Every structure is written in C-alpha cells, then in structure tokens.
Amino acid sequence: MVAETKKLEFGAKAHVALNDPKLRANFRRAMDGLMTKRAAQFADVAEWTSLRARGAAVRANALAKLPELLEQLEANCRKNGIQVHWAETTAEANAIVLGILEAAGAKTVIKGKSMVTEEMHLNAHLEKHGITPVESDLGEYIIQLAGEAPSHIVMPCIHKNKAEIAELFHDKIAGQAYTENVDELTAAARAALRGAFAGADAGISGVNFAVAETGTLVLIENEGNGRLSTTLPPLHIAVTGIEKVLEKLDDVPPLLSLLPRSATGQPITTYVNMISSPRKEGEKDGPKAVHLVLLDNGRSRVHGDTELRDTLRCIRCAACMNHCPVYTRVGGHTYSFTYPGPIGKLLTPQLEGLDCAGDQPHASTLCRACADVCPVKIPIPDLLVRLRTESVRPTSPGAVKGAGSATSATETLGWKGWTLLYASPLVYRIGTRMLGWFGNLMPSSAPMLKQWTSVRTKPKFAPKSLHELAREKGFCDE
Amino acid sequence: MNSPRERILARLKAAPKAAAPLRPDWTPPAYDAATRKARFKSMLEASHADVHEVSATDWPERLKTILANKGVGTMIYAPGTDAGKLLAGSWGDSPTRLVAYDRPVEDFKDVLVSRADAGFTTTKGGIAQTGSLVLWPTPDEPRLMSLLPPIHVALVEEASLTDSLAETIRAQGWAGQMPTNAVLVSGPSKTADIEQTLAYGVHGPKELIVLLIGSVSP
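In order, the protein sequences belong to chains A and B. Each residue of the first sequence is one higher than the one before, starting from 1 at the first, in this note's numbering. Each residue of the second sequence is one higher than the one before, starting from 1001 at the first, in this note's numbering.
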C-alpha cells in the first residue's frame, strides 16, 4: 500500500525478519513440508519432463498470440453474456469494479481468493467508498482480521502459527473462546462467513485461466469459497491480469496437472470451477450478471520485450518461493509488494519500476532452485540478471520501467578510474603502491565501500603487491 | 486510441513477434477398465470421500441406509432429473426427509444455507487419474446443491469414467458446448490454511459420499 509512495528497502526488512525466531520457525516448517509434497508428486522424471515441456509451450503459445486471444476471449465472453472491461492501471480497474457495484446498489461483497485484487488494493478502495468487502478464503479472512497483507500467494497466512490465529479469533469474532484446535477454528470461520455469503450483494473473484476458445473462466480452489462467491450472490465480478488467457480448452488439463502439484503437492484441487456465462433462462441459481475485468498494469510493457515476456508465463503456483533459500528465511512481507519470492522480484520491478523496487532482483543467490521447480520453465535467474543490468545500463528506452535508476555518478566515476588503472601499466603500478601504503587508512564508510562492508569485513591491503613479491623472488613480469 | 482497450491492444500488437511454439507431445495416463475403477476409488478415498459400489436399481435403498445411519434429517434433491424421480419414487419411509430444489435460489436460500443436511446430485462423469467427479449443473439440477449442505451425495456411473480430464474434454466434446458452470469435485471442501493442518468442511461439504453404479459388462 505504501509501495507507490516510498522506496522500500528489502535489505533492511530482511535483517528484521532474520532475527525473528517465530517467523523463521513458521516458514521453515511450512516450506519444508511443501517441498517434500511437491517432490513426491513429480517422482516420475519422464512424466514431469514431458508435462512441463507441454505446460511451458502452452503458456508461451498464448503469449505469442496474446492480442488476438484477448480479442477472441472478449468476443466469446460477450457471446456468452459476460460483460468485459479493460483497465490500463489498477486505479482504472478499481474504478470499474466500484462502478459496477454502485450501479447494482451493492453494499457488501464476498471475495474469493485473488492476488490481482491484492495488486489493486481493491479492498481499501471499496471501503473508502462505503462498500464492505469480506475475504472468504480462510487464509485471506485471517489476515483481513489481522489487518495484514498476504505473505505467500497460495497460503496467505503461512507466517502465522496456530496460537496467533487462536488469539486473533478470540479477539475479533464475537463469542469465540480461545482454542488452538484447528477443526474448531475452521468451524468458527465457517459459521462467521456463512452469513456473509448469504447476505452479500456481489461476489468478486480472480481467474486462474481464461479460455479464449470458449469464453470460460477457470478457478481452482480447495475450500469452496470461490464457488460460493461466484454462485450465491446475484452479481459476480472476475478480475484478471491480461496474461492469464489460454488458446484452447485442451490447454487447461496439462496446466491443471502442473499447478496444484507444484503448489501444495495435491494431485488436483478439491474444486475446479469453470464459468462460461451468467444464469441462463430457467436456471435456478448462479449470478444474474457476470463481469470480467482485464487488467494491464504494466503487463503489456513486459510483453513488449521478447526476453522478459517469459515472466508472464507464470501460473502463480508459488513453487519458486517455496524453494527459494532467500524467501524461506525472510518470508513474504519482507518483499513489501503483492508478489514475493523469485517470481515477485522478477515481476514487481517490471510492474512497479526499477526505481521503486530495484533492490529486489538483488535479493537472490542465483542458485537456480526457482528455475528448477518452475512448472512452465521461466528462466528466473537469467531474467533477474537482465533486470540487474537494466538498472544500470538500460537497453532500449522504455523496455523496463525505471531502467537506469541505479546508475550513480560515484559508481560511474569508480568504473572509469578502474578502466584507467588497468589500461596503463604506470598508473596501475602507482595505484597498487599507493593502496599498499595507504589503503588500510580508508574508512569503512567510504563511498561504495560502505554497503559492501555492511555485511563483510573490510579487506586488508598487503604492504607489497603480488608483482613486487614476484619480482623479489626473481620472476620477470615483462 | 481513446479507450484503454485500444491502447492495451495497440501496445500488444506493436510488440516484436515471437513464433508460437508447437505444443510438444504429452500423453495423459491411460488405464485398463479394472485399474481405472480402482484408481478412481482410491484417489477419491485418499481425498477423504466415501465410495460405495451400488447397482442401478438398489442405490436409493442403499442411500437411505447410509443417511439414516448418519442421522441425516433432510436432503435436498433435484426433482426433474431421472435420478431424482427414481429417488423420490422409491424413498418411501425413511428418517431422512427429501426436499425438492425446485425454485430459484432467492426463494430457497434459507434451506440451502442453514437447513439442509445433505444435497444429492448426479454427475456427467468421473476421472480416474485424479479421482474427480464431473458436475454439469442444468436448469433441473442447480449448482448450489453440491456446495452448501454439509454432506454431498453424488451418483456416478462406472461407464462414464475416463482416465484423465484431457480425455473427458475430448470424449464429451466440451469445447463446443460449455454449460453456465462446469465443476470438477475431488473430495469434500478442505483447507490447510492454519499451520498446514487439514480441516474439512470449511465452506462446502464436510463429507462427500459417492455412489458408484457398476457397469453391466464384466
């Protein structure tokens, strides 16, 4: 929420997270379990290899034909009776959703789990305009009660343990006794949310896949809150990023076989919900109106670069964050933005700008764990390096928002000096001699050295250079 | 170029073209008849569903017993479907009362949300690979029957089982006739949002009872 106004330092927040033993324990337990479950799903390497190749090709195909497929999706949705809206920015998308709700006289909204509405900060926008949104995914409901943002894109409240949730429910749900029994906590949420489902004027959901061929919105989930939000209220608004489109219905099964297995190690989610129209004549339930909001918010700029375009293949399974040695130690809130972990540090700087989130591509060890588990083969580490380069040496203007923002006069001067030093034997010799004599007098707080020494011991210069020592030993360096 | 739609599409169309890759071969699993049925059952059971093998004629009686043993007071059903007619016609004396979902949700919400103990639906098929039921709601058989009551009872014919979703979509010709809402159901409603501990029935049914009608062929 503060993302637009202030550059948020990953490094500073990471230090705080690393020193929080409770948070470390909560993430360690969760991520170890998720890694084991995923590995069990893909024990058959041949199956994983061919399925993954198919999944990656399906997504790359959709991105290669993106404008045509979006037009086809729009036409087929309209034919089915779904109203389609386009938004360039999150502000426009928020205004569209609010407009639909106001036109319908809606005051309360029940929400299925959706990351794109988190990206839009939709709840805050609706509340500002007198509409009450209630999150119905259990994890989202918990963090809504706590006034927090999700710390993981599949399991939003993974940073909290049972005791914290028990305390929260005891505080926030009227008449709820303190209990750490998970079944009782779940039942309390069911009871609290039943009325919200029944009374909601509208339901809002995200979209996992939008099928151009049939004008179908595919939503997957385990709880049934997505189905309820899109069936019980008289109005359903679905919001999606423009990259979620697929060409054919036949493209759904391979991705459906990759997503839940990569995410939580389940063979499939409990519910796969395919919505193709509002309630038809004679049908007894389902919303009477369905709207689809297509959000760009920088995605078309990402699409404009054929290398970075691979970012948009993402199917939001979160396997990359579950396996990232950085994410698993600092947790999702450290990233300050909607999408954390490897995909987040790739997507966020491209959507928000390198000037705003330029430190994120550096929050990686480039160990390639994320690339190894990505079910659609996004070359995350390669693209992180590309973004690091863009932040100091932009390629074509406009390819990446905020490119060149990390260029500093001191650093440029530093590199110029380095070039000069290495290009001239005389200057090199004088330079190394000087460093041998005076280098150790340089304070840790000197420009460029300051950040480096914040996590490392300052190097100690030897009184004699290697060249000098070699010469003394009788070697000739000419 | 005045609308957001035009501007977004113009940007996407101006982007350098990349060749659309061919989709490499990928073969979903295939099973023989016995394995198919066994896999369908075991996958559903692994997802916490109860599977009962029944016959085309004895299933209403079997269901009556199952529900009575569970103390189910009311079950909603769709009176317009063939299965619904058979159910109502043979229900007779039972502690479980049948309630017809025969009007728009607006007039039935109270029953759905807080009064029905169980909901009964048919299915358009079953998928062995993942142990999934294909629900294809119609004007006769509404969407919420399988979702709001604490128990969902689903009737599946063994002859309708396929190996994979990919096969189902092709065999049943989905692309040309998607309904308002098609749903795959693989177990009762569940969550693991609290410390990755599984809990059932967070919003939808806590129990899924599957009646599997055996095929006539050996």
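No lab work stands behind these hints: they were computed from the structure. Owing to the predicted nature of the structure, the values given are computational and were not obtained by experimental measurement. Glycine is no exception: its CB is placed at the ideal position from the N, C-alpha and C atoms. Please note that the accuracy of each hint is not assured.
To be verified - Below are the DSSO-like pairs computed for lysine-lysine, each with C-alpha atoms no more than 27 Å apart in a straight line:
1. B:Lys-1109 - A:Lys-288
2. B:Lys-1109 - A:Lys-107
3. A:Lys-79 - A:Lys-401
4. B:Lys-1124 - A:Lys-79
5. A:Lys-37 - B:Lys-1017
6. A:Lys-401 - B:Lys-1017
7. A:Lys-248 - B:Lys-1017
Stated by the list, open to error - Covered stretches of chain B (chain A as the covering partner; in silico rule of three or more C-beta atoms under 8 Å from a C-beta of chain A):
8. 1011-1023
9. 1164-1174
Here is what the structure says about each hint:
Taken as a hint, the B:Lys-1109 and A:Lys-288 pair is honoured in the structure, with Cα atoms around 15 Å apart against an allowance of 27 Å. Under the criterion of a C-alpha separation no larger than 27 Å, the hint pairing B:Lys-1109 with A:Lys-107 is consistent with the structure, at around 19 Å. Of the pairs offered as hints, the one joining A:Lys-79 and A:Lys-401 is violated, with about 37 Å between alpha carbons and a cut-off of 27 Å exceeded. With a C-alpha separation of about 25 Å, the suggested pair B:Lys-1124 and A:Lys-79 falls inside the 27 Å cut-off, and the hint holds.
For the proposed pair A:Lys-37 and B:Lys-1017, the alpha carbon gap of about 39 Å is over 27 Å, so the pair is violated. Restraint check: the Cα-Cα separation between A:Lys-401 and B:Lys-1017 comes to about 21 Å, which is no more than 27 Å; the hinted pair holds. Annotation: proposed proximity of A:Lys-248 to B:Lys-1017 holds, straight-line Cα distance about 20 Å (limit 27 Å). Figure legend: the segment 1011-1023 of chain B, annotated as covered by chain A; annotation consistent (13 residues with Cβ-Cβ distances under 8 Å, at least 3 required).
Check on the segment 1164-1174 of chain B: 6 of its residues sit with their Cβ under 8 Å from a Cβ of chain A, so the three-residue criterion for coverage holds.
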